[in-house]
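These are the residues of each chain, in order.
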Amino acid sequence: MTKCAWACVLFVIIFGYIACQENPYRQGKNLYTAYCATCHMEEGQGLKGLFPPIAGADYLEEHFEELPCIIRYGLEGEIVVNGRSYNQPMLAIKNINEIEIANIMNFINREWRNVDDFVSPEQVRQQLSKCQ
Amino acid sequence: MTQRSLFSLSCFCVLVVFLLTACTQEEKQDSLPILGFREVVNGDTVYHKIKDFEFVDQDSNRIVNATFKDKLYVTDFFFTSCPTICPKVKQQMLRIYDKFAEEDRLVLLSHSIDVRRDTVATLKRFAQKLEVDGKRWHFVTGEEDHIYDMADDYFVVAQKDPNAPGGFDHSGKIILVDPDRYVRSFADGTDPESVDRLLLDIQQLLDETAGQ
Chain A
211 MTKCAWACVL FVIIFGYIAC QENPYRQGKN LYTAYCATCH MEEGQGLKGL FPPIAGADYL
271 EEHFEELPCI IRYGLEGEIV VNGRSYNQPM LAIKNINEIE IANIMNFINR EWRNVDDFVS
331 PEQVRQQLSK CQ
Chain B
8 MTQRSLFSLS CFCVLVVFLL TACTQEEKQD SLPILGFREV VNGDTVYHKI KDFEFVDQDS
68 NRIVNATFKD KLYVTDFFFT SCPTICPKVK QQMLRIYDKF AEEDRLVLLS HSIDVRRDTV
128 ATLKRFAQKL EVDGKRWHFV TGEEDHIYDM ADDYFVVAQK DPNAPGGFDH SGKIILVDPD
188 RYVRSFADGT DPESVDRLLL DIQQLLDETA GQ
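If you're matching them up, the sequences are chains A and B in order. Per the numbering used here, the very first residue in the first sequence carries number 211; after that it's consecutive. Per the numbering used here, the very first residue in the second sequence carries number 8; after that it's consecutive.
Next up, chain B with everything else stripped away, as it sits in the complex (with noise of 0.2 Å):
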């Protein structure tokens, strides 16, 4: 054994190491998939994309799919009277709101599944009680059916139920759609572990589409 084949040896070694290390950290960067139904299409599969949208948010401004143009929203459904698990999913989405606040890329989008107590005006009270900003946090409201369309639109389950507290039946979920309107994450917004994660895959997708 000279000298000679213990360099090269050596070299070989760090070689391996390298090329382990490099394929562990591309696989790292694998990109969220996408949800919820697909089907083919001429060969191509086609993906659930996120339908059209209508709403009017806390500051009487008109919010549509445009309005989230080249960023990423997350979003819930919930409503200003809710006693159960609304104030918790409330308590994660500002988690968000905080982790992000300095991020113009996302933004977050509550929908009103009360109508008719939820006006503007009811809308635009609760979030300065939540001490959020308009431009970062739309609460929105419009046609009833509507908002019930959206929420199955987002896998979301929302419907009145007069047995349910408050009125109301609906699921604490927290949905994360990106650009080109495809959900991406969810979490369960009444778990902190659950959202845990959502804030990972936030931070993920925005690595993603930065600089599209």
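So that you can see chain A by itself, here it is in the shape it has in the complex (with noise of 0.2 Å):
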């Protein structure tokens, strides 16, 4: 009887190490990696001049709103982003849903910008509806 108490302790202590050690980010994280990790980095450091940072970014503070947007249709033009122009097109995901962008935005929250708003996909809908 001790034994399968102590087997069951045990149990929880590792199902709850494990549960606390997922980042509850996951798709969020493997979306990021797969749309945008090509040209903004894995870390969202960017590359040089040729494609803008998204971690500590102003443009994201100052367009958080629009991201839904950018995501979904991409970006033309010049833009400049912690006084650094850039002008490399940014391709249009058009096969991605709210809940991805989502949990993309969630994603990028979480990692960079150390806010805990959350996005819904309800909120994602209604910005999508904005869009130029």
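Worth double-checking, as some hints may not be accurate.
[As the list claims (entries may be wrong)] Reference listing, derived: stretches of chain B covered by chain A, where coverage requires no fewer than 3 residues with Cβ under 8 Å from a Cβ of chain A:
#	region
1	102–111
2	134–145
[What the hints assert, rightly or not] Simulated DEER-style distance windows between Cβ atoms:
#	chain 1	residue 1	chain 2	residue 2	range
3	B	LEU13	A	TRP216	56 to 62 Å
4	A	ALA302	B	ASP77	30 to 36 Å
5	B	ALA171	A	VAL290	29 to 35 Å
6	A	TYR245	B	GLY218	46 to 52 Å
7	A	THR212	B	ASP203	38 to 44 Å
[Claimed, not checked] Chain A residues, not near chain B, derived (Cβ > 10 Å throughout):
#	residue
8	LEU220
9	THR248
10	PHE274
11	LEU285
Just so you know, these hints were derived from the structure itself, not from any lab. The C-beta atom is built at its ideal place from N, Cα and C for all residues, glycine as well.
From these two lone chains plus the hints, build me the complex, please.
What follows is the structure, encoded as structure tokens:
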């Protein structure tokens, strides 16, 4: 009996440990790696003067609301990020849905903005309807 | 067992250990293989040699095989508007560029496979944005068939494909070529660990060809 109790305690500890290690934004991270990291790089640092950073970017703070439109429809023309000009077109990701966009945004929030705001798919849907 | 025999025994041991380490060091210094097809002509092995090429780089300089005389170069194929693997490969090429910043005997050569859009001026802007020196890293364009032909020669896949993102299908290989135009190593430019090994190979080939 005591053996069984100990096994249960051990199981709970291990399970709890694994659950705590789990990144809550795993799909966001996977989507980021698949769609964004080729240009913005794994750590969101960008690439020299070619691709702007996401981590620590003032542009992200100023345009966070527009992010769903930028992710789905891409971006063309010059933009200034942290005082530096970038002009490499960003591709549209046409087949990405609201839930996936919300997951990417929540991943970015947690990883590089250190804010607890949670973006819901509903909010993304509303913002997408306002895209120009 | 006298003191004398003990002395000679220890001498013998020292000698054995010395010989063993000497042999292993010899093995480590093995030279890098020459890659590619080879044929035997009149009893001599003939290795695959990179053929003659002629391109123009971002500073409008003519780039031919002789540009890399007495030098090693690493080369890749890309295009500036590439939305897929190119940025990752460029990041790895930058690693090579930065690691051997003090080494004049290593040069980088990037071929654009998009001759229509990547003009000399476009390549110049691209190099400026990457903040690299045109003497150490050449971004070249030229006749379309010639570029695709050279990609074949370096064993790199490159072709037009309207269905591929950006309109081109190509591999992210980075190729290392020695001063005698032989391909000596390569890496998958999208895989940082593969490039770690290439960095070691570059250093080894630099050591091998030093003083030649």
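Going through the hints against the structure:
1. 102–111: violated (count 0)
2. 134–145: holds (count 4)
3. B/LEU13 <-> A/TRP216: 56 to 62 Å: Check passed, 58 Å falls within 56 to 62 Å.
4. A/ALA302 <-> B/ASP77: 30 to 36 Å: violated (47 Å)
5. B/ALA171 <-> A/VAL290: 29 to 35 Å: holds (31 Å)
6. A/TYR245 <-> B/GLY218: 46 to 52 Å: Hint holds: Cβ distance 49 Å, inside 46 to 52 Å.
7. A/THR212 <-> B/ASP203: 38 to 44 Å: violated (51 Å)
8. LEU220: holds (36 Å)
9. THR248: Check fails; 5 Å does not lie beyond 10 Å.
10. PHE274: At roughly 23 Å from the nearest Cβ of chain B, A/PHE274 sits farther out than 10 Å, so the non-interface label holds.
11. LEU285: Its Cβ never comes within 10 Å of chain B, the nearest being 12 Å, so this holds.
In this structure, the earlier hints numbered 1, 4, 7, 9 are contradicted, and the remaining ones agree with it.
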